[in-house]
Amino acid sequence: MTTPLLSVRDLVVEFQTGDGIVRAVNNVSFDIPLGKTIGIVGESGSGKSVTSLAVMGLLQKPAAVVPQGQILFNGLDLLTCNESKMRELRGNQISMIFQEPMTSLNPVFKVGEQIAEALRIHKKLSQKEAWEKAVHLMNQVGIPNPALSAHKFPHEMSGGQKQRVMIAMAISCEPKLLIADEPTTALDVTIQKQVLELLHKLQQEYRMSMMFITHDLGVIGDIADDVVVMYRSNVVEQNNAQKIFESATHPYTKGLLACRPKLGANPRRLLTVSDFMTEEGKEKVIPVDRVQVFDKESVADKTDHVLLEVKNLVTQFPIKGGLFGGTVDHFKAVNDVSFKIKKGKTLGLVGESGCGKTTLGRSILRLVEPASGNIIYDGKDITHVKHEELRQLRKKMQIIFQDPYSSLNPRMTIADILVEPLIIHNEGGTKAQRFEMARALIEKVGLKSNQMNRYPHEFSGGQRQRICIARALMLRPEFVICDESVSALDVSIQAQVLNLLLDLQEEFGLTYVFISHDLSVVNFIADEVGVMYAGKIIEMDKASNIYKGAKEEYTRTLLSAIPRGETKQSLASLV
Amino acid sequence: MTKYIIRRLLYMIPVLLGVSLIIFVLFNVVSGDPTAVLLGKNATARQMADLREQLGLNKSLFSQYLDIVKSAFTFDFGYSWATKQEISQMIWQGAYPSLCLSIPAFVISTVVSLLISVFVAYYRGKGIDLFVRVCCIAGMSISALAYILFFQWFFAYKLGWFEISGFEEGFPNFISYIALPAIIWIVLSIGPDVRFFRTVILDEIYQDYVRTARSKGLSEITILLHHVLRNAMIPIITYVVIQIPSLILGALLLENFFSIPGLGGMTLNALNSSDFPVMKAMAIISSVGYIIFGLISDILYTVADPRIKFK
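Top to bottom, those sequences are chains A and B. The opening position of the first sequence corresponds to residue 1 in our numbering, with each subsequent residue numbered one higher. The opening position of the second sequence corresponds to residue 1 in our numbering, with each subsequent residue numbered one higher.
In short, the hints are calculated from the structure, not lab data. Misleading hints may appear alongside valid ones.
Said to hold, decoys possible - Computed far set for chain A versus chain B, every beta-carbon distance over 10 Å:
1. N106
2. F109
3. H122
4. R232
5. K243
6. V368
7. K386
8. S449
9. I538
To be verified - Below are the DSSO-like pairs computed for lysine-lysine, each with C-alpha atoms no more than 27 Å apart in a straight line:
10. A:K431 / A:K444
11. B:K126 / A:K332
12. A:K320 / B:K309
13. A:K85 / A:K123
14. A:K320 / B:K126
15. A:K296 / A:K282
16. B:K309 / A:K152
17. A:K342 / A:K395
18. A:K444 / A:K284
19. A:K110 / B:K3
20. A:K61 / B:K309
21. A:K85 / B:K70
22. A:K262 / A:K282
23. A:K342 / A:K396
24. B:K126 / A:K152
25. B:K126 / A:K110
26. A:K36 / A:K128
Backbone N, C-alpha and C fix where the C-beta goes; we use that ideal spot for every residue, glycine too.
Build the full structure now, drawing on both the sequences and the hints.
Set out below in structure tokens:
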């Protein structure tokens with residue numbers, strides 16, 4: 001066997017924090033052979049990104065310390081290299097693609113210039129040569145009209161295109177090792193698929209080794225040769241990708257494989273990592289009924305009562321122009337949309353960024369004013385209600401936003417955040433009674449009531465989303481819009497939150513509109529699915545019909561974009 | 001872009017009408033009869049009536065307002081009550097010494113502060129960074145008067161390097177007069193400037209694109225000067241440009257203590273002698289200055305930040 005290109009040996013990374021030393025990476029060892037891809041899988045905080053930054057020599061010093069271990073790159077221990085040697089390697093022999101294409105490019109420089117920069121310093125190309133090479137690279141990563149696009153600034157490109165620019169930048173000096181840290185997590189599933197295919201193609205062409213970091217085991221099914229599973233700073237399982245998918249041994253890996261909703265049959269609640277292992281990491285036995293396939297449509301409708309009806313709704317935004325910035329035209333974000341939802345049911349709205357699904361959700365809540373059409377809630381036309389009536393309505397209709405990081409006020413405690421809606425609507429009786437309601441609900445969403453005096457930053461993303469859910473439920477609403485409410489979460493956390501939403505729906509008889517770009521998630525949670533494209537609902541049907549026989553070409557594209565890397569094990573065999 | 005500039009210039013009209021209205025209300029309506037102040041205690045009713053006639057205070061309120069509006073657009077402010085000179089003439093004369101002091105002082109203090117900020121941003125968290133920050137706070141905590149007195153006594157009187165006060169026209173003669181007030185100006189501005197610039201630069205240093213630049217193998221100094229500073233310039237431009245109109249107004253305190261016959265001194269004199277026309281003129285000029293430099297800083301935004309486009 002030849003020596004691997006990269007060999008990480010017993011790596012330990014520690015961070016000095018206010019509360020003492022935290023070990024982020026504990027005795028991690030793995031090899032990346034020449035020309036192979038290895039996937040490093042784990043949830044946020046498992047140490048996978050820290051490992052990659054250690055390889056790049058980009059750990060934040062002096063907070064981060066590496067007390068032990070070796071990172072051998074072509075036999076050279078990177079941990080012993082000085083800064084100038086590392087600079088020579090970085091971007092040249094080892095390069096990296098980051099998770100956030102939106103913020104990872106410098107906003108004030110042309111993208112062509114940003115790609116050319118590495119070529120100038122490492123390959124000593126002239127300004128002109130570097131620019132030409134940059135255009136060539138942009139062509140290679142599939143950016144249309146590269147000669148013109150090179151002159152664009154990052155904000156003039158879509159998220160997927162920006163990630164292509166990042167890739168062009170990373171491969172510009174033909175590196176031997178490409179580290180991709182969650183390169184597709186911030187992207188829609190359709191774009192994710194394209195980017196994955198591109199990375200795989202380039203990896204073959206350039207004979208690169210690739211280290212692909214992700215929280216979603218499903219994503220790397222098609223491209224990784226080997227998989228390293230990290231959990232709480234440790235490597236818990238390491239094997240050939242095929243073997244991981246066919247016969248995972250560690251309960252955490254099994255949990256990761258099972259928690260992604262499948263397009264076809266799913267159990268009544270998604271399996272989560274905690275079904276497979278205890279807090280201490282011991283394997284658990286899964287009760288048989290947890291894996292039984294559940295057919296939503298077998299349950300008879302309890303009621304025929306239509307809670308919400310939307311008729312020919314149009315919401316438009318003005319396009320400004322002219323000398324005094326007057327409105328010259330309108331952009332129809334929601335264009336003639338109609339649907340009905342029965343009480344206690346879930347309507348899924350699926351589509352890519354910019355298709356108008358968020359605007360539709362906000363129009364229903366009257367957070368943006370519709371231009372025409374009707375919104376009928378519980379038999380009453382609410383399209384134009386105002387003031388007190390609208391305020392009363394807001395009590396019944398709530399929304400859970402996408403980003404749990406920015407939708408909670410960082411300077412309020414959890415208790416204050418939860419009680420605030422009650423104060424606004426003057427509900428819930430005395431201060432003590434309101435607090436008691438908040439306490440009960442926080443336990444219902446799976447947090448501990450003694451955490452209520454903490455601030456949002458003390459919680460993880462999944463916990464914060466639970467807080468957002470609890471806040472939305474404080475006023476005992478009947479109707480909740482979940483706007484990409486699980487998109488920012490790791491798949492393992494996503495499963496927990498989806499289960500929670502279903503539990504709450506059952507208990508409180510909630511009606512949901514569930515907005516997402518991921519058809520597999522919508523298929524799991526929704527009774528009926530509407531596919532949105534360019535402001536219109538182009539297809540609408542029962543969830544099972546959509547995935548079995550989509551009529552529209554566009555729906556089929558969305559379906560095919562869902563990562564295939566599913567376990568070959570049947571649900572029953574997990575028991 | 002041209003459209004945007006034209007629109008912004010047209011917006012000046014209502015703003016100037018509003019500014020004229022506020023000045024009119026302050027000076028011509030609520031401030032009462034200035035003739036009593038101008039003529040002193042022993043003035044007769046006859047004298048006061050004559051003076052009112054002479055100053056145009058007998059005109060209808062509306063035509064008095066129109067006079068202010070006219071002056072705001074023509075920059076013809078009439079004559080000073082105190083010196084009987086033409087005000088536009090006085091402003092021209094005062095502007096020269098004021099600008100001799102404020103322009104070099106402002107340019108040097110901004111450039112020096114920027115250099116220090118980049119330097120401490122490079123050594124962020126290290127001892128030298130802490131030292132500079134402590135110096136900034138200390139410098140800001142000392143009163144301007146203390147600097148003026150100490151510098152005049154030590155550098156001008158004891159060492160005799162500079163003139164204690166006064167002003168002489170013509171280059172290089174004025175240098176020995178403005179050097180000391182300019183140094184005090186610089187010392188006074190470095191503290192707040194460095195603190196602001198440093199914060200802005202450090203805000204940028206922890207952005208994702210900086211990590212990308214590092215992953216390309218760029219050196220820390222290239223990252224700082226090329227990638228970070230370019231982004232930090234966006235807030236810095238506003239901060240700097242919006243200070244420019246106040247340069248035209250001169251430095252009230254410094255001009256006074258160093259007996260520099262600039263606009264600052266002129267404004268102070270006008271305040272002391274209830275010279276309304278001069279005060280009105282300065283109020284109008286400073287608002288025009290703020291409008292124009294506000295527009296200039298907005299235009300510079302589009303140069304510094306390609307994300308901002310005006311239509």
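Violated constraints from the hint list, given by number and in increasing order: Result: hints 1, 2, 3, 11, 14, 15, 20, 21, 24, 25 and 26 break, sorted rising.
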